[in-house]
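Engineer: Letter by letter, the chains look like this.
2 protein chains.
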Amino acid sequence: MFESAALPHVLDKEAYQAEEPKLRQALLDAQLDLVGRKSFAAIVLIAGVDCAGKGEAIQKLYEWLDPRHLHTRAYSEPTDEERARPRMWRYWRDLPPDGTIGIVFGSWYNDPVKAFVLGKLDELAFERELEAINRFETMLADEGALILKLWFHIAQAEQKKRLKKLKAKPGASRHVLEEWSGVDHHMAATGAGERIAQRTSTPYAPWVVIPSADDRFRDLTMGQTILASLEKRLAGTAGVEPVAAPALIAAPDRKTVLDALDLTHSVAKAKYEKRLGELQDRLAVLSDAPEFREIGLVLVFEGNDAAGKGGSIRRVTQALDPRRFDIHPVAAPSDEERAQPYLWRFWRRLPRKGTVGIFDRSWYGRVLVERVEGYCTEAEWLRAYNEINDFEAQLADSGLVVVKFWLAISQDEQLRRFQARAEIPFKQFKITDEDWRNREKWGLYRQAVGDMVDRTSTARAPWTLVEAEDKRYARLKVLKTICERIEAALR
Amino acid sequence: MFESAALPHVLDKEAYQAEEPKLRQALLDAQLDLVGRKSFAAIVLIAGVDCAGKGEAIQKLYEWLDPRHLHTRAYSEPTDEERARPRMWRYWRDLPPDGTIGIVFGSWYNDPVKAFVLGKLDELAFERELEAINRFETMLADEGALILKLWFHIAQAEQKKRLKKLKAKPGASRHVLEEWSGVDHHMAATGAGERIAQRTSTPYAPWVVIPSADDRFRDLTMGQTILASLEKRLAGTAGVEPVAAPALIAAPDRKTVLDALDLTHSVAKAKYEKRLGELQDRLAVLSDAPEFREIGLVLVFEGNDAAGKGGSIRRVTQALDPRRFDIHPVAAPSDEERAQPYLWRFWRRLPRKGTVGIFDRSWYGRVLVERVEGYCTEAEWLRAYNEINDFEAQLADSGLVVVKFWLAISQDEQLRRFQARAEIPFKQFKITDEDWRNREKWGLYRQAVGDMVDRTSTARAPWTLVEAEDKRYARLKVLKTICERIEAALR
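Protein chains in written order, with our numbering: chain Y, 769 to 1259; chain E, 769 to 1259.
Please note: incorrect hints may appear among the correct ones.
Pairs count within a copy or across copies, as identical chains cannot be separated in the list.
Each computed DSS-like pair below joins lysine-lysine, with the alpha-carbon atoms no more than 30 Å apart [stated by the list, open to error]: (1) K882 to K1121; (2) K1121 to K888; (3) K781 to K1023; (4) K1121 to K1248; (5) K1195 to K1042; (6) K828 to K790; (7) K928 to K828; (8) K1209 to K1037; (9) K937 to K828; (10) K932 to K1239; (11) K790 to K1248; (12) K781 to K929.
Please keep in mind that the hints were generated in silico from the structure rather than gathered at the bench.
So here's chain Y without its partners, still in its complex pose (with noise of 0.2 Å):
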């Protein structure tokens, strides 16, 4: 999930520079605001990986704000009095009153979190502690306060870098290192941390992930993040209103996991031939195999339009038995459709163990067409993700195999698909007013394509992102990626 925060996020000194007056400005002014009116208080929660710059971003809020009103909470071993008392008693001693905001440092997360890298908690017990956690929120912004909860993250190799360096500098030793999130940890942090943003990020405690590679492109995206939550709540009526961020990965330079791709592989064709016929032979053998019974296989395709959805989903279904599998082409609702939870559409077509259900679209239209044409309203597409990640994971309970691909090509590409389709008689069918009406929200969904892959690629169900600017490179990437998720099933 966290994928596209360690991509190379960057500010330049003069953007820097041109923005920071801005934002302190706005930010002394939200903070007096509230203040003055006292109708609430403020929590920033601050977590993430060793040497991700956390105390260097504290200092900046001191810089900022005024620090009389403004007060940091740093936790670690419990002292005696602590010890003597219930775990969470002092995180309760401790709350910013309403007017004020509080940073807490080390967090409740951080004993569970800790206990759970380190293996001496298990899934069971830290989805209870992360329940617990939940009730604790809810009851926090039930009562008012608003709670912003940042994850400070750089990729293993810089963290690496870093660590090195610092050992270098005489004050090193006044460093505090956690045990659990330094190098060694780095996967097992990221990944609780992940497992934190699914199952505690809720609408009134929102986590939000800061790229922290580079010092300045961190500091100015926390400060607006947390402007941003500021704002919108004192702008608010009286009524507690949701802080949700749409992005999951705070990145004002609107960078997402597909600037990460490389749209330029490609396969020669007696090349791509001869790989197909053996991709279709594994895939033919696996889905027969008798062990499949037990298991099952759920795809769905999703992708820009023109990118070759049904050209992929031919050469999977050309490996498979007829009466094994079923492609869902998902389209509008129905009127029976409509009168039922949204889910409820996918859930009725469900394929039986032993088979394979493919879903040309899905229920991914939730957060991708419903939320760019606004046929939904932002609270429901929101709460989607977690919804969908639910879903997918009860899919996964039960043995089904959860394949998800994203086909990706460039605009140009996709121009020059639609002429060509526009020109060709059999292929103008597939060529409709609204692909070209989409083709100008080009952004948006960009935009929302990289919040749904941060927010839904779980450890269960993945998406792969695949190149499809060649269809042949595209083919055999779906068809590889099919084969060895079923193969790391049946293991």
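Based on these hints, arrange chain E on the given structure of chain Y.
Structural biologist: Chain E alone, transformed into the frame defined by chain Y:
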């Protein structure tokens, strides 16, 4: 929590015949309105102990409502079709469409409850299942469904009687006896029911317990409960309104746990003094024991005005080392406390391990005086029950023994005490205009106390109702309860 459901709730024939035609017409009107508008689906979930008359109650609904827009789905062992799909598939498939009422019998609660009762699921795993159910129901409610969950309850003795009678009948074999909800598992099933009610009773999908010992009372109460939910929702604006009823136990006869108290208990003076000395010695020894350092004691005193809280507290503190207890009289919150979540002022006063915190009135003010006087909103005191259960569970987790007393006197006795206070100069400070005003709201307070005990008497922090008409009897019962709870905790 379900104690008051087992009270003798009875409805005589005349009263039933007077009410039934009105209820029936109103139910039908509401249903036709729903059918016409097709704006949401109503899901009525039916659960409870065996032989409580669930089937008969559903029959009654078919008699009252238009059966063309009413569907019942019953689930037992999964079919082959169902086993080949994720566990929730069968419930999804059968969801009632907008405009209809769906009765769900043997619902998504069945498998986890059964497994838990039979000891095949441990606490942690059971809790996880309940959280998954919460997510499912939240999604349904967010998608517009009206969800109402009814638990049909009868006492174990009544159940035993019914089963015996049933076995003598020729058609007995048609009765499906659930292996986990019969007489042998009555306690465990009730315990599971209580947990479910605590964990999954949300404003949007509340549990309501239907006292089912009397058929007429059962049917009419069920009908009225369903009607109230339907009407509230149909009258609401576009948005989804909470359907929560304030009461966990549906009791139109307004009988509460307080009705089961025998206020004639009393103790003669000589016997009282002997017993008092013994119990105080026992408490002194217990609270002085080295093992007591590992636990701690939270005493909550609530009760009618002039019920003798102060006197009871004094008899407790006489037995304690003054360095190891604190009395916290709870009145209106300070400015500082008002700038925090309402539980904050109690968290800050929690006793350390090895000590005793005595609360003369407590966090229960939220669901008593604040509810009755309208100092907080309905939504606030409704969510307070679960917040308080959560709070007390954390205290218990940390080793604290939570003992909660409700000191009950009759309205006449209160008047006598008020008058006595008004006459004795050094007791005049104890009686204020407010006391007289509260007295006028006797009925409202009584209902609030009943709801409070039903909703917050948990296995780890049960309420002890104290018959306080005789002060000596009350003081002894308080001391004895404290000693027994400490002894149980130290075992």
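Engineer: Would you mind marking each hint as holding or not holding in the structure?
Structural biologist: Right, here's what the structure says about each hint:
1. K882 to K1121: between (38 Å within a copy, 26 Å between copies)
2. K1121 to K888: This pair counts as between: shortest inter-copy Cα distance 26 Å, intra-copy 35 Å.
3. K781 to K1023: Within. Shortest intra-copy distance 19 Å satisfies the 30 Å Cα cut-off; inter-copy 72 Å does not.
4. K1121 to K1248: within (21 Å within a copy, 60 Å between copies)
5. K1195 to K1042: within (27 Å within a copy, 100 Å between copies)
6. K828 to K790: within (15 Å within a copy, 68 Å between copies)
7. K928 to K828: within (24 Å within a copy, 70 Å between copies)
8. K1209 to K1037: neither (34 Å within a copy, 87 Å between copies)
9. K937 to K828: within (21 Å within a copy, 80 Å between copies)
10. K932 to K1239: Neither: 44 Å inside a chain and 73 Å across chains, both beyond 30 Å.
11. K790 to K1248: neither (50 Å within a copy, 67 Å between copies)
12. K781 to K929: within (22 Å within a copy, 83 Å between copies)
The structure shown violates the earlier hints numbered 8, 10 and 11.
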